[in-house]
Amino acid sequence: MNERVAIIGIGVTGFTSVSPALSFKELTYSAAVKAYAEAGLHPREIDSFVTASEDFMEGYSIFDEYVPDQMGAVMRPVHTVTADFLQAFGIGCMMINTGMFRTIAVQAHSKASNVKTLNDVKSFALDPVYLRTLKENAEFIAGLEMRRFIDESGNTEEQCARVVVKNRKSALLNPQAAHGADLTVDDVLSSRPISTPLKHLDAAAPCDGSIMVVLAAEKEAKALCKNPVWVKGFAWFSGQGNVWCRNMAEADYARLASQKACRMAGITNLSKEIDFVEVCDEYSYKELQHLEALGIARKGEAGFLTETGETSIQGALPVNASGGSLGMGHAFEASGGMKVNEAVTQLRHQAGARQVKNARTGLVQSWRGIPTATGSVAILSNG
Amino acid sequence: MGYRKVAVVGAGITKFVRRAQETGPEMSYLASKMALDQAGMKLKDVEMITMGSAPDAFDGVHMKGEYLLSGAGGNNKQYIRNFVGGGTGVFAPVHGWMHVASGACDVCLVVCSEKMSTIYPHPAGAFLTIFDHTTEQPLKPTLIWIFALEMRRYMETYGISKADIARVAVKNKNNALDHPSAQVAEVVTIEDVLNSEVLAEPVNRLDISPASDGAAAILLVSEDVAKRLTDKPVWIDGVGWNLDTAYWATKDLCYPRYVEKAARMAYDMAGIKEPHKEIQVAEPYDPFDYKELHHMEGLLLCARGDAARLTAEGYTARTGNLPVCPSGGALGVGNPISATGLMKVIELFLQLRGEAGARQVPGNPRVGVAQAWGDLMQVGTVIVLRS
Chain A
1 MNERVAIIGI GVTGFTSVSP ALSFKELTYS AAVKAYAEAG LHPREIDSFV TASEDFMEGY
61 SIFDEYVPDQ MGAVMRPVHT VTADFLQAFG IGCMMINTGM FRTIAVQAHS KASNVKTLND
121 VKSFALDPVY LRTLKENAEF IAGLEMRRFI DESGNTEEQC ARVVVKNRKS ALLNPQAAHG
181 ADLTVDDVLS SRPISTPLKH LDAAAPCDGS IMVVLAAEKE AKALCKNPVW VKGFAWFSGQ
241 GNVWCRNMAE ADYARLASQK ACRMAGITNL SKEIDFVEVC DEYSYKELQH LEALGIARKG
301 EAGFLTETGE TSIQGALPVN ASGGSLGMGH AFEASGGMKV NEAVTQLRHQ AGARQVKNAR
361 TGLVQSWRGI PTATGSVAIL SNG
Chain B
1 MGYRKVAVVG AGITKFVRRA QETGPEMSYL ASKMALDQAG MKLKDVEMIT MGSAPDAFDG
61 VHMKGEYLLS GAGGNNKQYI RNFVGGGTGV FAPVHGWMHV ASGACDVCLV VCSEKMSTIY
121 PHPAGAFLTI FDHTTEQPLK PTLIWIFALE MRRYMETYGI SKADIARVAV KNKNNALDHP
181 SAQVAEVVTI EDVLNSEVLA EPVNRLDISP ASDGAAAILL VSEDVAKRLT DKPVWIDGVG
241 WNLDTAYWAT KDLCYPRYVE KAARMAYDMA GIKEPHKEIQ VAEPYDPFDY KELHHMEGLL
301 LCARGDAARL TAEGYTARTG NLPVCPSGGA LGVGNPISAT GLMKVIELFL QLRGEAGARQ
361 VPGNPRVGVA QAWGDLMQVG TVIVLRS
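Just so you know, the sequences run in chain order A and B. The first sequence begins at 1 in this note's numbering and counts up one residue at a time. The second sequence begins at 1 in this note's numbering and counts up one residue at a time.
It should be emphasised that the hints constitute simulated quantities derived from the structure, not laboratory data. It cannot be assumed that every hint is accurate.
Straight-line Cα separation of at most 25 Å, DMTMM-like style, residue types lysine to aspartate or glutamate; simulated pairs [unchecked claim]: (1) B/K273 x A/D47; (2) A/K25 x B/D132; (3) B/K251 x A/D69; (4) B/K162 x B/D306; (5) B/K5 x A/D47.
Chain B extracted, bound-state conformation (with noise of 0.2 Å):
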């Protein structure tokens, strides 16, 4: 027996900033008024509602789910939080697949949102408690710590340098200058990326994203009902999650093998045989420079170490054969976690519908990939998008 078809018909999505005025609930509330705005539904046609966010320490809230159900439009209908850590953005998407195309309901709201302002002074504190009691913690490590050895063994295993990954962050930072909700868009060169302040060799401050606050939202629906709303459906048309051990200290960190397990779930799903020939925008994770080029490998974009090497030749670029972030990414955008993955989702279906605006691809693309990332690296999830 097969699943049933989902469309994503609607989506929302709230300026990304440092500190924003709305609570939670507030920003939620805003990206799902949007969503079904441009579906043009209300919220009394929702079935049911799945929320995406990241760790509760970040609202410094305990079930933070129930704290923004009512923003998110739960009250009185079914509503549940999924969580895969910073994978989660991509995956809510997944979670309101799996509503709509088991028959559970025919409209669902997929809303991320994410708070990070509220943790004071930094949100990296809530990084702290990530790491194992016993074994880890009395080590003190930090999130950036962890990255910077990820970092240095992707570069010492490929031969790839700093300016390579530079590059990354320069190209995401100038195409969120289109981007409406961008936070850090900005013009930079390679030297600004290199010269600015280092937090953990070789991360420093402009290869990282910021902490943003932000939501965003998208509308599923079952086919009978895409087809009486829009004449331009998005099809989600395959979905992957995979979660690693979260022993990360002893495997090799130069290639995210979760990524690729995550990656060849929806290939294999969506029919796609040859993914570096077939995807035509990705919109991979991209919190570190360094990660986009991971990410590329992993999703089976690009050969093992190959990634930096497109990158410098434009192939990545907007106008390249592969458009990679052209929303500006985490490193442009912003990076409120979940709210991120679903941006990301977000851009796929603008793109896909010919609606990006400024940040519009060339070449009309019909499959498009998104991927998020998170928890010790460890989570890969993916979704593959097709108009």
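One chain only, chain A, in its complex shape (with noise of 0.2 Å):
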């Protein structure tokens, strides 16, 4: 990397099953006056604005049309890009990189409560000519890959039901997360098939939310923030785009995405030299696959490290701290943001009662849904 990039400020507002309360609009505007406040920036001396969003998820054919507005950003160097706010994220630090812009604000959200009929839409993301014709429900391909997964690695299907026992139970520790909750293996297991062996609590509830976070190069950060956070490696990665060419047992594109990072960062041992991880947990096996895939499990291994314990808060490698998307829900192109918001507050060491002890670097990594093999790494570090 170029002058270091540090993150100094965050707004966040949600993160809730309904926001009946506020449009897009208004929720954009409150996480966005939060962030520039942290920051202690006016938007006028935002350099440039990022957003991430797809234009099915908000009901408009040209969503970009209405993110200037409630950000601050009206006749200003406003794009968007249609994935993961870490995606976006990635662009706001390579931009900050080319030495044009200082400062870039980075935002996306989820009003999914908005959607009346999330499986269509999930089901328009499929390939028209080889996959929609099938006529079935999106989520067949999670049970695919989800029973290949297991096939493959050797994890088995409580192993997969732990990872939500564990994150629901952390996110009751978590004032930000609505689905807190205090399960055991058994409700998860007999809980409703959606596409065996993937079950209803298996998958993460939608919610509602949106986040900021204000990007500055090192000079700025450094006379505008006492905590700046640290931005040391980022990578998005695509694996096989079709779904009927794919290794559904490995997500390839977190693999990639995580070396990449790990090379920008000087990091090579990850499991030792990361003290936290928020990973996408979208559906449970995916937590599992994506450790292994990062590299901070051997394969097979991920579904054991969490019966053990080692990935709880207090275990040697606490994952998904926060809840995770199990535990906060599931907020589309805002998921990445919400594991972002989780790695600020533990290196700023304001996680309260599930605070890491002594967390000094985090990974955070996300993943785009079904059908997508694209994901994206950032290492974050408060020093």
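Make one complex out of these two single chains by using the hints.
Right under this line is the structure:
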């Protein structure tokens, strides 16, 4: 990397199952106001803005139209990526690395409660020739992936259920999480099937919320911020785009992104050099699959680490101390932002009851959801 | 700390047609392959890819970027889709510029693909849901309806007649006769334009670009790689983009301030002080004929309200002092939204290399500007190229 990049402000509104009192504009505005206040910058002092959104989730045909006003970004260089927050975050870091921009605001939100036909929207992401003609609920792909992952890696359905128990329990300690619960493995295993072996409680419920992060180059970060969170490495990768050609057992995108981000950060032994991880757990098996792909757990061992408590908040390497998507809800394009939010909270030592001791470096990872094989990694540090 | 220099070294473009046999991913493949072949590179040499494509509603595919990924060569690569509505086509190379200028990679493939024909019966349907659902959608506006407002405002402010505006369609459709990708190149007269059917007063059918399928791609590389590959690199000298408010009805539509801001950003970066003197070839976005005039003014290529006079005097013809849309533009070549923007950038690339064939403008131009526009009369994206 060139000049170092830091997070100097973050604003979050949410996360709740519904948000009847706030439109997506108001959600975005309230998060933006908090982020600018924390960064000590007026939006006019932000050099450029990056947002992440998808048209079909918003119900507008060209959603990037509705991005600037509530961020204070009218008549400014704003652009949208149809990607996860963490990819937009990477673009923001990249823009600072050009040297042409000193401060960047990165924003994403979810107003999933506005979507009446979420399953249909997901089905619209399937290839119209090869997959949509099957007339299947799109989540069949997650079921296939889970089966393949379990069969190939040796992790078990029970271990996947333990991820749900762990994350929803952690969420009880997170005031921003709406899905905290004290569940048992049996509760998960006996919940109704979605696409066997995937069950209702294996999947994260949709949630609403908005996130904005203000990024700054090193000079500005040091001048403006007492507790900057430094971006050590970032990368986004796509695996095989076509579902029918894909090795469903493994998350290639996470492996490739982790390798590149670690190279940037100068990390050689990931599980030793990081203190906590926030990975995408939109489905229970994804947490285990991602831990193995990232190089944090050896193949087939992620379930065991979950069973023995290694990945709990008190464990050797806490995974999704925030409660993850299973505990907080799945915020679609804003999902990666929820992970960044937790990492910033942990690295500032403001996580209260779920604080990871001596947290200095964390890894966050996101995935774009079915039917994609696209994901991102960022490595963040407070020193 | 400065940014790294970025060069365009290859370009590919499919034919623009009303209804392509190929799917979006297939068109992306064709354009990408052409760009790589021209540069003498392979897909394995490409480190990162950025895809530009306008609304998902055209294809009827949610997460369209992911759908187009395999065709654009994105498997096992760093791939992302950028999106600023109709401005995407010129923003895509700007996005690619960020990738290379920042040092994130040395070789970035920029692909723009648009398949508008999949929306039935007409792509205009995709625009019914671009409007605010509370304040505007109840009025049932269409895209042409709001541009009719803008065209009328522009005509009234500067006292411009419909015949003045029709000259742009005549010029561009004629220029497109020399473009191998062209969809609606033809010899038309001002009367033909004025007598074509009225869509929304004052907009007639020949004032508008067609709906199209098509794809385009360019290859961007760092300075070191460019020197190895070619002795005719074309450099990205300036980039700019700007997004105005979504509340389009509250602003004066006679002048695109957001295009001016984007242009100033790009000109500052390129060290251009007097664009009307320094720019030698221009490719402003012309989905409607009046938009070319509007955008020439926004790009500071002439005084406000003066673009129609210059067009009438032949100043913007291919052999004029400032050739504007020598490619034939969206009005002549066709308008697969994002691919159109990139087609314009490719036109500059060819013009500045002296490789535009029958379309070549005289005088060995060295500096050109391309621009796209979109959303709710809201976004301007600008790129300055120099040979």
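Hint check results:
| no. | hint | verdict |
| --- | --- | --- |
| 1 | B/K273 x A/D47 | holds (22 Å) |
| 2 | A/K25 x B/D132 | holds (12 Å) |
| 3 | B/K251 x A/D69 | holds (14 Å) |
| 4 | B/K162 x B/D306 | holds (15 Å) |
| 5 | B/K5 x A/D47 | holds (21 Å) |
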